[in-house]
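K.L.:
What follows is the residue order along each chain.
There are 2 protein chains.
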Amino acid sequence: MNGQLKLESIRSVLVRLEETILFSLIERAQFRQNRVIYQPGAFGPALGGECLVDFLLHETERTHAKMRRYTSPDEHAFFDDLPAPLLPALTFGESPLVPNQLNINQSIREIYFDRIVGALCEAGDDMQYGSSAVNDVACLQSISRRVHYGKFVAESKYMADPGRFQSLIRDRDRVGLMTRITDEAVERAVLDRVRGKAQTYGQVLRDSAASGLVDPAVIVDIYAKWIIPLNKEVQVAYLLVRNEGA
Amino acid sequence: MNGQLKLESIRSVLVRLEETILFSLIERAQFRQNRVIYQPGAFGPALGGECLVDFLLHETERTHAKMRRYTSPDEHAFFDDLPAPLLPALTFGESPLVPNQLNINQSIREIYFDRIVGALCEAGDDMQYGSSAVNDVACLQSISRRVHYGKFVAESKYMADPGRFQSLIRDRDRVGLMTRITDEAVERAVLDRVRGKAQTYGQVLRDSAASGLVDPAVIVDIYAKWIIPLNKEVQVAYLLVRNEGA
Chain A
93 MNGQLKLESI RSVLVRLEET ILFSLIERAQ FRQNRVIYQP GAFGPALGGE
143 CLVDFLLHET ERTHAKMRRY TSPDEHAFFD DLPAPLLPAL TFGESPLVPN
193 QLNINQSIRE IYFDRIVGAL CEAGDDMQYG SSAVNDVACL QSISRRVHYG
243 KFVAESKYMA DPGRFQSLIR DRDRVGLMTR ITDEAVERAV LDRVRGKAQT
293 YGQVLRDSAA SGLVDPAVIV DIYAKWIIPL NKEVQVAYLL VRNEGA
Chain B
93 MNGQLKLESI RSVLVRLEET ILFSLIERAQ FRQNRVIYQP GAFGPALGGE
143 CLVDFLLHET ERTHAKMRRY TSPDEHAFFD DLPAPLLPAL TFGESPLVPN
193 QLNINQSIRE IYFDRIVGAL CEAGDDMQYG SSAVNDVACL QSISRRVHYG
243 KFVAESKYMA DPGRFQSLIR DRDRVGLMTR ITDEAVERAV LDRVRGKAQT
293 YGQVLRDSAA SGLVDPAVIV DIYAKWIIPL NKEVQVAYLL VRNEGA
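If you read the protein sequences in the order shown, they are chains A and B.
The working numbering applies: residue 93 is where the first sequence begins, and numbers increase by one.
The working numbering applies: residue 93 is where the second sequence begins, and numbers increase by one.
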């Protein structure tokens, strides 16, 4: 089996990604919700009709595309009109995934704008628009990476025992696939570990008398309500397109 | 006194900035040194002769300049050919600083490239060039913010008792000014707090069996050898230009 598909190596990527996600959420939580940065046109016509966060995300993705970020099978862009890479293609080795165009960043963006910012940040406006938007981009990118890693998880589960999946895939049985990929013990372990990390990081900040503290329950909620379910949605969707690409 | 100059409010900004700096360093330390990303021309002519990190930093600053980042008195760009802001100017209120062009980012960049990356990251190349460069930009920006906050610290110290500084400034007595702004007890307290934070964050990562762990002594060293001394260099330099601008 391709090294990237060993469950052990996938798990270590996902565990380390928890820090990237937690750090980005903790950084964003320093600032108020600043709703104006999510409103298209709120800063006048200069941003081409985009809201401030979309403008920054779009510019960031243009730059990262030039650096060939989105040629990697574990990276997914939010925008689809990005420039070609300036750098010669890297040899990543053969992708362990079947070719696919699966990308649920629009759902991630919506949930992040409409639900996560409100859960994470104090209501109100502190004028820290640029800093908030920079951290929003970091949050969106880290969450997107975690959610789309579901493709690797699903491929790994499939390869370990194709027979368990083939009839469900043939029948396009989403509910059956969702049941088959679900491992409640693993999900509980993820939430427990995330809670522990959020408590520890939160305690350090509390000891520093920092403002904009994050309630560990909020981080656990973000994982439980959105990150884990969206990851599972990617797993199911990937399995359903799996045989088309093969 | 302007609220931004109260030592208490400056201290709380600096303490919270420790997390931003620590998070960015911990994120960078996941990856090898990847020296090729600091070598101009290493990726061919497409990057206009810049090394990969400078290319990304430059593009990032162009975007952030459009969002008026560098109109804020606590932000300093590494490049001086940036576009004008697209957004209408924010009213930050009157800057508490005297007008000045002081910017030591070239020193910060050099020390970061030549010393900090080597202290922080394992030697070698893991091909994670984009991720390394993205985190380099975050490190450079957070360290630059911390170092240049010396302007606020110096202004605050000056305003608290101008008489203690005026003759030293008139005599352009750098050594005397350095002695006057130095508070060894505060420096020890900063290093102790940074060590404690780095140990706690490091323990969480160790418990997760993460790779690319950061030795707390390295973080303390980065503060002791570079961040604190550069901050003090800014304080002295600011005091020396203080009366020119007034």
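The reader is advised that the hints may include incorrect statements.
[Said to hold, decoys possible] Stretch-level coverage of chain A by chain B, calculated; a stretch enters the list once three of its residues show a Cβ under 8 Å from a Cβ in chain B: (1) 118 to 127; (2) 168 to 182; (3) 270 to 279.
Simulated from the structure, these hints should not be mistaken for lab results.
Backbone N, C-alpha and C define an ideal beta-carbon position, used for all residues, glycine too.
K.L.:
Could you run down the list of hints and mark each one as holding or not?
P.N.:
Now the hints, each set against the structure:
1. 118 to 127: With 3 residues closer than 8 Å to chain B, the segment 118 to 127 of chain A meets the three-residue bar; holds.
2. 168 to 182: Three-residue rule met by the segment 168 to 182 of chain A, so holds; n is 4.
3. 270 to 279: violated (count 0)
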